[in-house]
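This is what each chain is made of:
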Amino acid sequence: MSSALSSTVEGLYHAHHSWLTGWLRRRLGCPQNAADLAQDTYIRLLQAREVPQLVEPRAFLTTVAKRVLCNHFRRQELERAYLEALAQVPEEFAPCEEQKAIIFETLLELDRLLDGLAPLVKRAFLLAQVDGLGQGEIARQLGISLATVKRYLNKAAMRCYFAL
Amino acid sequence: MNSTFCAQVAEQAVHWLIESQDETFDAAQQQALERWLAADSEHQRAWSHIQQVNQRLRGVASPVVHATLQAPPSPARRRALKALLLVGMASAAGLGLQQHTALPGLMADYRSPVGQRRRMTLDDGSELQLNTRSAADVRFDSQQRLVRLFEGELQLQVAKDPRPLLLRSAEGVLRLEQGRFNLRQFNGFSQVSVFDGSASVGGHALLAGQQARFAGSGWQAIAPLQRNVGAWVDGMLVASQMRLADFLDELGRYRQGQLGCSEQVADLRISGSYPLDDSERILQMLEVALPVRVRRFTRYWVTVESRTS
Numbered sequence: 001m002s003s004a005l006s007s008t009v010e011g012l013y014h015a016h017h018s019w020l021t022g023w024l025r026r027r028l029g030c031p032q033n034a035a036d037l038a039q040d041t042y043i044r045l046l047q048a049r050e051v052p053q054l055v056e057p058r059a060f061l062t063t064v065a066k067r068v069l070c071n072h073f074r075r076q077e078l079e080r081a082y083l084e085a086l087a088q089v090p091e092e093f094a095p096c097e098e099q100k101a102i103i104f105e106t107l108l109e110l111d112r113l114l115d116g117l118a119p120l121v122k123r124a125f126l127l128a129q130v131d132g133l134g135q136g137e138i139a140r141q142l143g144i145s146l147a148t149v150k151r152y153l154n155k156a157a158m159r160c161y162f163a164l
Numbered sequence: 001m002n003s004t005f006c007a008q009v010a011e012q013a014v015h016w017l018i019e020s021q022d023e024t025f026d027a028a029q030q031q032a033l034e035r036w037l038a039a040d041s042e043h044q045r046a047w048s049h050i051q052q053v054n055q056r057l058r059g060v061a062s063p064v065v066h067a068t069l070q071a072p073p074s075p076a077r078r079r080a081l082k083a084l085l086l087v088g089m090a091s092a093a094g095l096g097l098q099q100h101t102a103l104p105g106l107m108a109d110y111r112s113p114v115g116q117r118r119r120m121t122l123d124d125g126s127e128l129q130l131n132t133r134s135a136a137d138v139r140f141d142s143q144q145r146l147v148r149l150f151e152g153e154l155q156l157q158v159a160k161d162p163r164p165l166l167l168r169s170a171e172g173v174l175r176l177e178q179g180r181f182n183l184r185q186f187n188g189f190s191q192v193s194v195f196d197g198s199a200s201v202g203g204h205a206l207l208a209g210q211q212a213r214f215a216g217s218g219w220q221a222i223a224p225l226q227r228n229v230g231a232w233v234d235g236m237l238v239a240s241q242m243r244l245a246d247f248l249d250e251l252g253r254y255r256q257g258q259l260g261c262s263e264q265v266a267d268l269r270i271s272g273s274y275p276l277d278d279s280e281r282i283l284q285m286l287e288v289a290l291p292v293r294v295r296r297f298t299r300y301w302v303t304v305e306s307r308t309s
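First to last, the protein sequences are chains X and B. The working numbering numbers the first residue of the first sequence as 1 and each following residue consecutively. The working numbering numbers the first residue of the second sequence as 1 and each following residue consecutively.
Treat each hint with caution, since some may be false.
Unchecked claim - Selected chain X positions facing chain B (Cβ under 8 Å, derived; list incomplete):
no., residue
1, 129
2, 153
3, 157
4, 160
5, 161
6, 162
7, 164
To be clear, the hints were calculated from the coordinates, so they are not data collected in a lab. Here the structure is a predicted model, which is why all the values come from computation and not from measurement. C-beta: ideal position from N, C-alpha, C; glycine also.
In isolation and in its complexed conformation, chain B is listed as follows (with noise of 0.2 Å):
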């Protein structure tokens, strides 16, 4: 592939990627980059190329960068330490290799990548799966059997034992019995799902076909079970009369790059399972079952909008 492009072009598309990571970046800016991105196959073929490079640095990180680390005792510092030692590895001047060998020895680390779930039976018999984009670490020793996710979604199916097994969050600790768990990470709280057994967070117990949000100090919006909490472990994304959306944010956990969509689609609703491994058929039947068209300005931007605009 020819990667050379002219200078000023190159300047526009670093623009717009540093722009578009920003937090504040908004629907307007959005369009702007939209309109950027038509003007030219030249900004096109400039963009696509720094999503492929992102591509085989992302690459880079997990699993072998992460694998190597100590859990800190947050996200954030793992975070930090996670970046100093693949600075290490991939410049040692100065910064890195030092850190890198002073950093402790192994922990159990596991990592799913985007667009993959993986299943291990741990020790005790116990099964641990992990949904896509996750991590999470396990620790067992006489006393306990501590699992803790960083980031993402797992799902514990946990075997009978003497020992207790605590499953930690960043908003906290529960206890659980016996029976099948599914935890999810989001920014703020985790969402606790309890298929069978119970699980407990100072004595307080939330039991099998229920749901709650946890947020360190107890559980709050306790609801019965949802049909679609789950069905990722069978490779299914459920909606029962979901918004658009939500549906989009969802499928986006799955795939890499940009996926969204304009406000006049947002609130169509949408139901169904969906296979979670082709996440591009799922983009086709939209525009079956929906009055929208997909817009992919590359494989790694796709915006969902109505058909007739």
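Looking at chain X on its own, in the form it has when it is part of the complex (with noise of 0.2 Å):
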């Protein structure tokens, strides 16, 4: 990190930090959230390459703050699933608590890595490498050829090894 993306966003978090937060807070609903959102948004900022030159850094913080909280109601979506599926399992089958956590840590990071794929590559994706079925099979049950979900398989499997 360059230490002139360092002041830029020191700059930005004096001058906006409590205007983000109410902004999040209205978004949100809850305080607690909304405190814990601004700190995100600036953390994702300090992870950037760079912040681009500020002519309204408002507008800029919002549209990161906008990313920040997709995210947010995407993994409360998903943790919803997550634990109505927990929910299901038999006692004696159910992980613990470290097992769950990391579980659902898995299920977050593939959910954004296969983000933006067409839900036909994804379900080829998983298919093949979480149930372990075959090609041939694949194919049948998509109904594409076979060339296709190598195809498919291809791409989904760059994005999720290599993130390429």
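These two chains come separately, so use the hints to put the complex back together.
See below:
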């Protein structure tokens, strides 16, 4: 991280922190979460390679904060689905708290990595790598050719394994 | 761990992953893959990175995803639903969450992951044990007791009860009397072994001390019970003059990844009792017992070959 970036973010923080927290609170209805997400927004800025020349810093901050907010809602949504699924597991097979957290992190990460891929591409990938289905079987289930299955798997694999 | 790779290596690794999962992947291609792995340590690193990610992905599906599903009519449909649900959990965009919430409630769904065995007592006092990578449903009502094996292998000690106990595999339904039974689902048929009691299909009984294939219409290849059947319950793999290739296939059921051997050593014979919980040690013992060496490309890619080659 360059020191120029760091000082820009620091400047943004001092000048707009309470405004940003207010902006987030209006959208969340929860002061606690708003404070957390404001922090996330600045952390995201610090992780960026460079902050563009800021003519309208608040417009820029909202753009980043919207992304953070979106991830937050997505996480909540996944968490709800995950907890529902967990509630159905017979007690003796329920993962321990630590495993639950690990599985959830994996799901989040997978969700993030596969985000933006066409639904069929995702499905082909999950059927192959999570369920261990053969490529012929995937082609049958999805009603596509074997060559297409391979192309989909290739595309999703580059994302999932190498973030490329 | 450093998980950055150059794009070219990543592309090649993904290419090999997908080719190796193709059903037509043959010995020549495997050799080509092995050459690729041996050519550069970066290749091995990329390959093992993929395997590690896959390990995590497989961990997601089981047991959470499986347990949420009602048993659909066929294993294939079941798998499809399971995948849908996972998509639901992993990606709500478009596909998933509606599918997930639309699924009906809890079915008893027991699953054991690769390399693990599970034992549970059912409501009627019967005892169900699942071998590695196995899945079964249990549904008891006032009329009948139904146990359904979706994949893998189970052993059932059936308790006395006025309701009949029906055991279902992909091929059909067996009726079990009080006793002890082993059922293994193969691709296209299932294998039933009777330790005590009797199992019947269409009025034809298979008796204690017998085993047979079951293909829906009736029994095939009825034979005396083999000593190695059911040894898994005690955590053992028992071989008696078993071909090495078959032995490795069996052992491979208990491990993640690829386990195979070269053609030169496939027909070597092996006997003995081996503890399943330490398959790495079994592989080490092979090198002592037979003129073979074990080559590990990664933890998940193991090939047994002739010591002289």
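Hint compliance check: list the failing hint numbers for this structure, sorted ascending.
none
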